[in-house]
Amino acid sequence: MALRVGCASPPGRALENKTGAWRVFKPVFEPEKCSKCGMCAMVCPEGCVRETEEGTFEPDLDYCKGCGICEEVCPKKSIRMEKEEK
Amino acid sequence: MTAAELIAFAAFEGGVYSQAFPAFGVERRGAPVQAFVRFSDEKIRLRSQVYEPDYIIVQDPTLIGDVDVFKGMTAGGIAIVNTEKPDFDARVPEGVKVYAVDATTIALEELGVPITNTTLMGAFAAATGEIKLEALEHALRSRFSGSMADKNVRAAERAYNLVGGAL
Amino acid sequence: MLEFMEGSHAVAEIVKRCRPQVIAAYPITPQTHIVEDLAQMVANCELDAEYITVESEFSALSACLGASAAGSRVYSATTSQGLALMFEVCFNAAGMRQPIVMTIANRSLGAPLSIWNDQQDSISLRDSGWLQFYAEDNQEAADLHMIAYKVCEDHDILLPAFVCFDGFILSHTYEPVALPTQEEVDAYLPAFNPYQRLDAEAPLSFGMYATPEYYTEFRYEIDQAQYRAKEAFVKAGREFGEQFGRDYSALVEGYRLDDADTALVAMGSICGTAKDAVDEMRDAGKKVGLLNIRMFRPFPAPEIADALKGVSTVAVLDKNISLGSGGAVGTEVKAALSGSNQAVYDYIIALGGRDVRKRDIAAVVDLAEKGKGDMFYGLRTEVL
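Chains as they are written, first to last, in numbering that gives the first Met the number 0: chain D, 0 to 85; chain S, 0 to 166; chain L, 0 to 383.
Hints listed in this document are in silico derivations from the structure and should not be mistaken for laboratory results. The model shown is predicted, which means the values in this text are computed figures rather than measured ones. Errors might be hidden in some of the hints.
Stated by the list, open to error - Away from chain D, derived, C-beta distances all over 10 Å, residues of chain L:
{"id": "1", "residue": "M0"}
{"id": "2", "residue": "V41"}
{"id": "3", "residue": "E49"}
{"id": "4", "residue": "Q97"}
{"id": "5", "residue": "S123"}
{"id": "6", "residue": "R125"}
{"id": "7", "residue": "P189"}
{"id": "8", "residue": "G206"}
{"id": "9", "residue": "A209"}
{"id": "10", "residue": "E220"}
{"id": "11", "residue": "E230"}
{"id": "12", "residue": "R237"}
{"id": "13", "residue": "E252"}
{"id": "14", "residue": "D278"}
{"id": "15", "residue": "R358"}
{"id": "16", "residue": "K369"}
Stated by the list, open to error - Output of the computed footprint for chain L on chain S, the stretches with three or more beta carbons under 8 Å from beta carbons of chain L:
{"id": "17", "stretch": "14 to 22"}
{"id": "18", "stretch": "38 to 51"}
A virtual CB, placed ideally from N, CA and C, is assigned to each residue, including glycine.
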């Protein structure tokens, strides 16, 4: 890629930088237990928890760094962190 | 600084290169300051302060006791001193001609304020012959407008005639 | 036509005629008269620009950077501590490749506090990526602004520039200056044509982060643009000469150097006094000349080596000190002349407003010819 003058860049370029590769634990969401409160999406430091059509939530594992805050805040304990095999 | 600028401007209007600058420092109206002027037929490149003046103007006679205002002057030099007392006590270098002008009184009478720049310009023009009266008047009319211009021109002319009469 | 005016006013007038669209500045002695004049011109609707009043120099240059990225021709002016406060933004402006033109009314840096002139401020930003031009007199100070916009906005360059003129010594001096008219400036300097700009319809960020795989290459490209600016300056300076009769195509300008044994090297207004001193020394039979460095960044090392090739002794007058190393200009002149057998001496002089007379210049030449140098000139040892 040729350098752009002034290190200028259109928005969204950070999407190319997939930061989900360095996790040890990954979150596993169980939609059947979910109360749809949205706390997991609100606290995710990577902003990678999204709402599904059903109103429940799922992580985008391309960017999830495995911090476990979603598991910590889930009032229904519908999220658990599992060791990820690579 | 205003006097220096006006003298240099009048000289420029009279057809020579000129330069005016203050001895840079705390510039407040009334504070003791120095300002310098050079005239030349050629473009002026020199930027140092003036150490051996051909002419000096002393706007405030109370400085004479504290500062050697004549420092660097040599025979043939001309000094214009704003003072009410023509017999003021100062060590004037030999050969320097001193014109004592009561510019404060003239300024008070003509302008109503004790600002002596334009009055002393008139005295300088007459004493040195470096600036023609017309160039001086033109400079004053470019700097001031309306009745202020008239008053300043009158003050300068009075001092010009006063010193001119003494020549 | 020559007009009699203060240096600061000459700069403000020519900046007005360069039609900046955004001005942001914070007043500081001895730059104040320039920005007061410009603020008044905007208030009087003589200049159709946005004048942004800010609370600090950091904000002034930040506002300029944003406005430049948005596609405006911008202007600022500062000096000394104000420039120091802009340090971070200076590097960003160069890295984001924004063609900002800023006047530096050169002044010393504290501590100790000093409002007087030397060139420590702009010299201290020599590594920032800004082009740096130094004016010998107020005519040159005014003219260099037009040239600076032309060079900076060239799409092959896209760098910001300092136009440096000595604080007080030039900024507060009244002397005759010929200012090109608005029509003449318009004919020389076309409207700003941004290379790329902020646009809500096609969003863009400037100065994004670069990983170690890319950072070096970005810095390399800025460096290359600096070197290309030499050629752009020569061209813009020559065009200026063709249009106005004052040629600025020389990055360095020799004065009576042709058969000189000893050469003085200097930047800015001290060159005027040095020229008069050279004339006096010539009259006394000494073969002395002067090299005036007009462009300090990019540093014209080959041009300096070429201009000085005939002299045996070089005396550099440095109105700055890279503490712990010597004068910045001297250091770079020595590098430019490395490999030659010329004796190059550096003199720290005129710091913090100390006046320089013709006899001081002659004394420096004497010292250099006796092989004494790399020293503070005129040090008052009695107060140490």
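Hint numbers not upheld by this structure, sorted from lowest to highest: 4, 8, 9, 10
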